[in-house]
Structures are given as C-alpha cells and as structure tokens.
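S.K.: Below, each chain spelled out in residue letters.
Protein chains: 2
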Amino acid sequence: MKYDLTKKPTRGAQRTLGLFSNTMFELLSEEPFEKISVNKICDISNFPRATFYNYFDDKFDLVDYCWYVIAQDIEVDKVTKVKSNQSLIVYFDRLYDVFKSNQHLLDNILQYNDFSGQLVNSFINYFKDKMQEILSKTIDYSKTGLPVELIADHCSETVILVLKWIFLKHHDANKQLAHEYLQKLLNLDQFI
Amino acid sequence: MKYDLTKKPTRGAQRTLGLFSNTMFELLSEEPFEKISVNKICDISNFPRATFYNYFDDKFDLVDYCWYVIAQDIEVDKVTKVKSNQSLIVYFDRLYDVFKSNQHLLDNILQYNDFSGQLVNSFINYFKDKMQEILSKTIDYSKTGLPVELIADHCSETVILVLKWIFLKHHDANKQLAHEYLQKLLNLDQFI
DNA sequence: TTTAAATTTAGACACTTGTATAAGCAACAA
DNA sequence: TTGTTGCTTATACAAGTGTCTAAATTTAAA
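Line by line, the protein sequences are chains A and B.
Residue numbering for the first sequence follows the numbering used here, starting at 15 and increasing by one per position.
Residue numbering for the second sequence follows the numbering used here, starting at 15 and increasing by one per position.
A few of these clues could be false.
One copy or two, it doesn't matter: identical chains are merged, so the pair holds either way.
Said to hold, decoys possible - Within a straight-line C-alpha distance of at most 27 Å, the following computed DSS-like cross-link-like pairs (lysine-lysine) qualify: (1) Lys144 - Lys73; (2) Lys151 - Lys178; (3) Lys54 - Lys73; (4) Lys151 - Lys183; (5) Lys16 - Lys144; (6) Lys157 - Lys183; (7) Lys183 - Lys97; (8) Lys49 - Lys157; (9) Lys198 - Lys114; (10) Lys198 - Lys178; (11) Lys178 - Lys54; (12) Lys92 - Lys151; (13) Lys73 - Lys198; (14) Lys114 - Lys178; (15) Lys97 - Lys144; (16) Lys157 - Lys22.
In case anyone wonders, no lab produced these hints; they're calculated from the structure.
My request is simple: use the sequences and hints to build the entire structure.
M.R.: Here it is in structure tokens:
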C-alpha cells in the first residue's frame with residue numbers, strides 16, 4: 015500500500031480512500047474481480063488513474079484496504095478483561111459478528127467469484143493474518159509442548175475454517191454451535 | 015486450463031506441455047512470479063503466444079500445471095493396504111516425500127517470492143486441495159460428531175500446515191517428529 | 001498415398017497496466 | 001501577501017494481456 019495508514023489521514027485523503035473503497039465494494043457486488051479494472055474504478059469514482067496510484071499499488075491493494083475497513087469493527091484494542099485462555103473465544107466471537115454483519119456483501123461476492131479464486135482468497139487470508147496477529151499476542155501456548163508459531167497458526171486457521179463453514183458455505187450455526195465446533199476441532203482443553 | 019488433462023495427450027502435446035512447464039520451473043528459480051510474463055515464457059520456449067493460449071488460460075494456469083506435474087509423485091492411485099484410520103499418515107508421508115524431493119525448487123522460489131504472495135499461495139492451495147480430495151475419500155470421520163466436509167478440510171489444512179512449517183519455514187523435522195506434531199494438533203485419537 | 005480433421009502459427013486488435021514528468025492547485029507560515 | 005511545500009492531475013509511454021482471424025502445417029485414418 016502506497017498510502018501510510020498508521021499516520022492519521024487528512025480530511026481529503028480520508029474522502030479519497032472512502033470513495034475508492036466504496037466503488038470497489040459496489041463493483042464487488044456486481045461482477046467478478048477479474049473484470050474490475052483500475053480504469054473502471056477511476057471512471058466511477060471520478061478520479062484520474064494517477065490519483066489511484068498515489069494511494070494503492072494495484073487493485074489487490076485496494077481490495078485489501080476494503081478488508082481493512084471491515085476489520086476495524088473487530089475493535090482489537092478494546093480489551094475484554096478475561097483470562098488469557100478465554101481470549102480465543104472472545105476474539106472468535108468478534109470475528110463472528112463482523113462476518114455476520116457483512117453476510118450480504120459476502121453473498122454477493124460469492125455470486126461472481128469462485129470460492130477458491132483470488133478474491134475470496136484475499137479476504138480469507140486477510141482475516142486469517144489478523145486473527146493470527148491477535149492470537150499470538152494474547153494466548154499462552156506454553157502447555158502444548160509445540161512450537162508457538164505453529165500452534166498460533168493452527169488456531170487461527172481453525173477459527174477461519176469454522177467461519178468459512180458458517181458464513182461462506184452457508185451452514186447456519188449460532189455462536190454456541192460454533193464454539194462446539196471449535197472445541198472439538200482444536201481439542202481446546204489441551205491448551206486453554 | 016484449456017487443455018484437457020484427463021484424456022491422454024498426443025506425443026506433440028506432451029512435448030509442448032513439457033517445454034512450457036520446464037520454462038516456468040526455470041523462471042521460478044530466477045525471478046519473482048510477477049516479473050514472469052507470457053511473452054517471456056514463449057520467447058524462451060520458442061512458441062508463439064497463440065500456442066500458449068491453446069493450452070493455458072494464463073500464467074497462473076501454467077503454474078498450476080507445474081504443481082500438477084510435481085503432484086504426480088504422490089501416486090494417489092497406488093493404494094497401500096492399511097486400515098482407513100491409518101491413511102492420513104500414509105498420505106502425509108507421501109506428501110512429505112514430495113515436498114522433500116522438491117526442497118531445492120521451494121528454496122529458490124522463496125528467494126524471489128513472498129511467503130504470502132500469489133505464487134506460494136497457489137502452491138499451498140494446490141496441495142491442500144489435493145490432500146482434501148484424498149482424505150475425503152479415504153477416512154471415516156463418523157466418530158467425530160462433526161460435519162464430514164468440515165473435518166476433512168481441517169485435517170488437510172493441518173497436514174499442509176505442518177509441511178509448510180517444515181519445508182517452507184525451514185524447521186527441519188523427520189517424519190517421526192512430524193507425526194508427533196500432527197498427533198498433537200489434530201488430537202488424532204478422537205477420530206483415527 | 002491421399003484426404004479430411006485438427007493444431008499451430010502469424011499478425012492484428014482493443015484493451016489494461018504501472019511509471020514518469022511537468023503543470024496546476026491548495027494549505028499554511030512568515 | 002507571498003512564497004514554500006506537498007498533493008493532485010493531464011498526458012504520454014513502453015510494455016503486457018487475451019481474443020480473433022485466416023493461412024500453414026501436422027496428424028491420423030482410409
């Protein structure tokens with residue numbers, strides 16, 4: 015990403031980022047990702063291509079920014095006071111809520127994009143990385159007798175697997191059932 | 015893929031497929047995937063672009079064919095007579111051997127491509143799908159009390175996670191240690 | 001060996017991509 | 001008010017992409 019998201023954006027930059035991401039969100043609900051060109055994005059957003067490239071490397075970069083926008087709702091920094099061993103469930107629940115409130119967008123996207131195509135892939139990977147980042151900070155894996163990085167990776171993959179199952183493959187499940195899946199797949203007792 | 019791999023290819027097609035994939039293998043060891051263009055592939059292979067597009071949709075398609083070539087060594091159809099509950103280990107071992115014998119290629123690729131970039135991603139996904147296909151046929155998951163597709167997905171993800179850990183992230187481990195990781199991550203007793 | 005079917009190829013097409021340059025414009029401080 | 005600084009924009013460029021045509025060639029069958 016060319017634009018630095020760590021510093022807080024000026025009013026103008028905020029506006030520009032918002033317009034580009036809105037256009038992308040719209041287009042994602044209308045056609046497959048391969049058919050979305052930078053030209054089209056700029057035409058619709060009424061920006062010259064040069065401006066697009068001031069902010070993003072390419073359309074993949076913009077779509078990643080879109081996931082970033084969605085992921086803001088996870089509120090990673092809002093710490094719930096729980097024992098470290100409960101945080102996997104806490105953050106799973108937040109991701110569950112985020113996926114649920116974007117169900118409509120996801121449905122549209124899947125209408126035009128393969129489940130294992132580049133777009134869905136980038137979505138999944140974004141949130142897997144996010145979850146891994148969170149989990150490697152908040153959980154104590156010392157009891158498992160496994161390399162920390164390996165087990166953190168495994169936990170986030172499993173969390174995403176369950177969310178994929180529920181929200182992308184449409185096997186409705188409330189949080190309680192989702193927790194049961196997690197419990198069984200991860201054999202949670204061993205390290206929670 | 016434009017060319018149908020299920021029918022057996024003519025001598026000429028065999029040759030063409032081989033030349034294109036060899037060129038891709040070479041280039042993958044020399045530069046990042048983004049810099050590899052269809053033009054370059056054709057120049058080196060001495061084919062016109064039209065011929066490339068007779069066989070493949072794009073360079074992603076060709077690289078997938080490359081993984082297909084590598085995956086032939088898994089010898090899926092060579093069935094080892096074991097109880098169903100052992101087949102996860104049997105096929106894990108075969109994948110372990112395939113990854114090991116392509117260690118050099120993997121090292122080269124990682125020199126030029128991000129771990130989470132499109133290329134490595136396509137490699138990982140190819141073998142995850144392959145493993146899932148195998149596991150959903152050969153394992154009896156009825157004891158787990160979980161949806162079959164979910165647990166098959168989870169098993170293949172875990173298998174690939176361990177192989178990634180060993181062969182892409184370079185934490186050397188022999189088969190015995192690898193089995194231990196699998197055992198602990200999957201809590202194997204529950205469904206093996 | 002001849003003929004019919006299938007593939008390969010040259011060349012052109014409209015389009016996209018990412019970069020680079022220089023002109024234009026806005027915000028802000030002195 | 002006047003610069004200075006930094007972002008936006010118009011425009012152009014060299015390259016790549018995927019598709020299409022019709023001619024050339026290969027392949028396989030009779």
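S.K.: Evaluate each hint against the coordinates.
M.R.: Hint-by-hint comparison with the structure:
1. Proximity of Lys144 to Lys73 under the C-alpha cut-off of 27 Å is restricted to the intra-copy arrangement: shortest distance 20 Å within a copy versus 29 Å between copies.
2. For the homomeric pair Lys151 and Lys178, the shortest alpha-carbon distances inside one copy (23 Å) and between copies (22 Å) are both at most 27 Å.
3. In this assembly of identical chains, the alpha carbons of Lys54 and Lys73 lie at most 27 Å apart whether taken from the same copy (11 Å) or from different copies (24 Å).
4. Taking the closest pair of Cα atoms, Lys151 and Lys183 come within 27 Å of each other only across two copies (20 Å); inside a single copy the shortest separation is 29 Å, beyond that limit.
5. Within a single copy, Lys16 and Lys144 get their C-alpha atoms as close as 20 Å, which meets the 27 Å cut-off; across copies the closest is 36 Å, which misses it.
6. For the homomeric pair Lys157 and Lys183, the shortest alpha-carbon distance between copies (23 Å) is at most 27 Å, but the shortest distance inside one copy (34 Å) is not.
7. In this assembly of identical chains, Lys183 and Lys97 lie within 27 Å of each other by CA distance neither inside one copy nor across copies; the values are 32 Å within and 31 Å between.
8. For the identical chains of this complex, Lys49 and Lys157 are neighbours neither inside a copy (49 Å) nor across copies (45 Å), given an alpha-carbon limit of 27 Å.
9. In this homomeric assembly, Lys198 and Lys114 come within 27 Å of each other (Cα to Cα) only inside a single copy, at 22 Å, whereas the closest approach across copies is 31 Å.
10. In this assembly of identical chains, the alpha carbons of Lys198 and Lys178 lie at most 27 Å apart whether taken from the same copy (16 Å) or from different copies (23 Å).
11. When the C-alpha separation of Lys178 and Lys54 is checked against a cutoff of 27 Å, the pair qualifies neither within a copy, at 30 Å, nor between copies, at 38 Å.
12. Only within a single protomer do Lys92 and Lys151 lie at most 27 Å apart by alpha-carbon distance; the minimum there is 14 Å, versus 44 Å between protomers.
13. Neither within a single protomer nor between protomers do Lys73 and Lys198 lie at most 27 Å apart by alpha-carbon distance, with minima of 38 Å and 40 Å respectively.
14. Taking the shortest alpha-carbon separations for Lys114 and Lys178, only the intra-copy value of 11 Å comes in at or below 27 Å, while the best inter-copy value is 31 Å.
15. Within a single copy, Lys97 and Lys144 get their C-alpha atoms as close as 21 Å, which meets the 27 Å cut-off; across copies the closest is 39 Å, which misses it.
16. In this homomeric assembly, Lys157 and Lys22 never come within 27 Å of each other (Cα to Cα): the closest approach is 40 Å inside a single copy and 52 Å across copies.
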